[in-house]
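Work out the full structure, taking the sequences as your base and the hints as a guide.
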Amino acid sequence: MFARRDLLVGLVLTLVACKGSQPAPAPAASEAASAAVKKDEGVSLTGAGATFPYPLYSKWISEYNKLNPNVKINYQSIGSGGGIRQITANTVDFGATDAPMNADEEKQAPAKLFHIPATIGAVVVAYNLPEVTSPLKLTPEVLVGIYAGKIRMWNDPKIKADNADAKLPAKDISVIYRTDGSGTTAVFTGYLGKVSSDWKEKVGVGKVVNWPTGLGAKGNEGVTGQVKTTPYTIGYIERAYASQNKLPMAELKNKAGKFVAPSIEAMSAAADSVEVPDELFVSLSNSDGDAAYPITSYSYLLVYENAKDAVKGEALAKYIWWGLHDGQKFSKDLDYAPIPAKVLAKVERRLKELRSGDKKLLSGA
Amino acid sequence: MSVSHDISPLIRPRSKILTRFGREVNWGDFAFRRLTALLAALMIAALLAMIAAMVHGSAESLRTFGLGFVSSEIWNPVRDVYGALPFIYGTIASSVLALCFAVPISLGVAIFLSELAPAWLRDPVGFLVELLAAVPSVVYGLWGIFVLAPWLRDTVEPFLASTLGFLPLFQGQQRGFGMLAGGIILAIMITPTISSVSREVLRAVPSALREGALGLGATPWEAVRVAVLPYARSGLIGATILGLGRALGETMAITMVIGNRSEISVSLFAPSYTMASVIANEFSEATGSLYLSALAEIGLLLFVVTVLLNIVARLLVWRVGTVPVGGRL
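Protein chains in written order, with this note's numbering: chain A, 1 to 365; chain B, 1 to 329.
These aren't lab readings, by the way, just hints derived from the structure by calculation. Glycine included, every Cβ here is placed at the ideal spot set by N, Cα and C. Incorrect hints may appear among the rest.
What the hints assert, rightly or not - What the simulated footprint calls covered on chain B by chain A, stretch by stretch (three residues with Cβ under 8 Å from a Cβ of chain A suffice, anywhere in the stretch; the number is not a length):
| # | stretch |
| --- | --- |
| 1 | 77 to 85 |
| 2 | 191 to 205 |
| 3 | 256 to 264 |
| 4 | 286 to 295 |
Next up, the structure:
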């Protein structure tokens, strides 16, 4: 028996040894040669992160793949938090997030990450009021009041004040929120925190908050489903979900005191009114400008300034460059607003800084 | 005339190897025993590795909150304060509620299929019941959102509130989504499991028992009650435990209908939250080490709750199993 067992052990060890002795990765000297080989085989890029811009990114990927069949890109919409974790752990080639990385998260990253604003989205307040036909008008105070559980009935005088013509029913308001951690919630609570210091102190701003009232639904589709099927509900969702499901969207009073519907133009107006600083991330919520929709946000791609793999880095830089130029024309159909020209100029400068070692990745662009 | 054959040449000589005690054993048996032992050991190793990983993952939360984690009702990621009580309550309450609905139904199905149904009906109906177990949970969840919850909100909950509204169980805002919807969805999901296992258990009852009871003049119902059910008791409890296990761990469907509010309320109309749901909802976007650690601790607690309930069930089966079999008329 011992002999047989030894034989088995020997076999296993041999197998392990074989595996271990497989040719080691090519040394640096032949890097150029192996890079050329890789180019012929095609480049495969993986990304992960925000669900918010996923419809746009997947459109980009399929269009870009038609133009460049040798570049295969795979994007997993696992959420902004997951995107940040994965790019930090270097398990993907690019990340995507709705909320910029905070100081803590930046500290955990092994190298400098660039935020690249890639598109602009809006969070809309959708509602289900069978009696009301014209768009509901909401002031920030009323919206905060509803989500704080202080305004409980649809015929509350505070809602009536701006909706004199609407037949508001004497029904309980059923508040719906996102229960899963999400950039949408971060953008929405960010706005509530901006317009109400009370909200900021008591509830706070984040991807998951402790909501004072309401029911939690999972995902944009969950909130959409509940608002659609349940009369007298109100919920916040990405614009695309509301427009595709034909849910009425409330007009919100912006900083300039105008009620604005969440149109693509109003989203662009919000982006136009905010100067983008050099780090390229900035909040668009409650921005100035007469026509600006107040709950608007950039969505960012995260890439390392210094790419480890020059071939992949170059492919990625070219893809992002394409997305920010040719890719922008797909925005409107998918309920996003294109990046404004003056911001694009800054983003272009930033993209040209992308490098791998000493080699600039976009020198040819 | 005596028949005597020497049969030894008919038996194929087998390869023999020596154990360390010098006995001869069959090489195939030896390898088979070792292989199965290895597979069993793998399962145990996976379990231990899981426990170790969860304890390791939740270390920070265990250090920060200690036992208070289990008794605190506050779950606030903005302030980095975490307590698991509402989730523990929601998990246990929704599962128990599901058992309240599912056990009587499943027993009825099982008794019908094993004792009363005509033979040609047994297999098709049994197959259809088992088919329910194969429906993906997201389908149940969507059905919950679009059919069950509106029906509960417009019909069932107003009815319960108007007839039994004096009980705290049936008070509060009627929204459809909540503990009641969660319990019903879970019940539908575990009924096939409990009923198909119960059916097999009932089928294993020796027919002599049935025939004896019937021969003594018992009606079919009496025969089931005094002869079949008592004999099958421990097996039926086992089937229920299997269903409970599924209910405790169910995530997708219940997340979609339970309302996801970390609150403890007696009312069945109120929203609640389960341990599996909070992990599924918040893990992907959780940033910050304490937050992740608290979610890992919820996973650990779910494990502990499941183990505890299984131990209780095991004790129950044990106790019931040692009581003399047989009922009284």
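Hint-by-hint comparison with the structure:
1. Three residues within the 8 Å Cβ limit are the bar, and the stretch 77 to 85 of chain B against chain A gives 3, so the coverage statement holds.
2. Counting residues of the stretch 191 to 205 of chain B whose CB lies closer than 8 Å to any CB of chain A gives 0, so the stated coverage by that chain is violated, three being the minimum.
3. A count of 5 residues in the stretch 256 to 264 of chain B with a Cβ less than 8 Å from any Cβ of chain A is obtained; the coverage claim is therefore met, three being the minimum.
4. With 3 residues having a Cβ less than 8 Å from any Cβ of chain A, the stretch 286 to 295 of chain B passes the three-residue criterion, so the hint holds.
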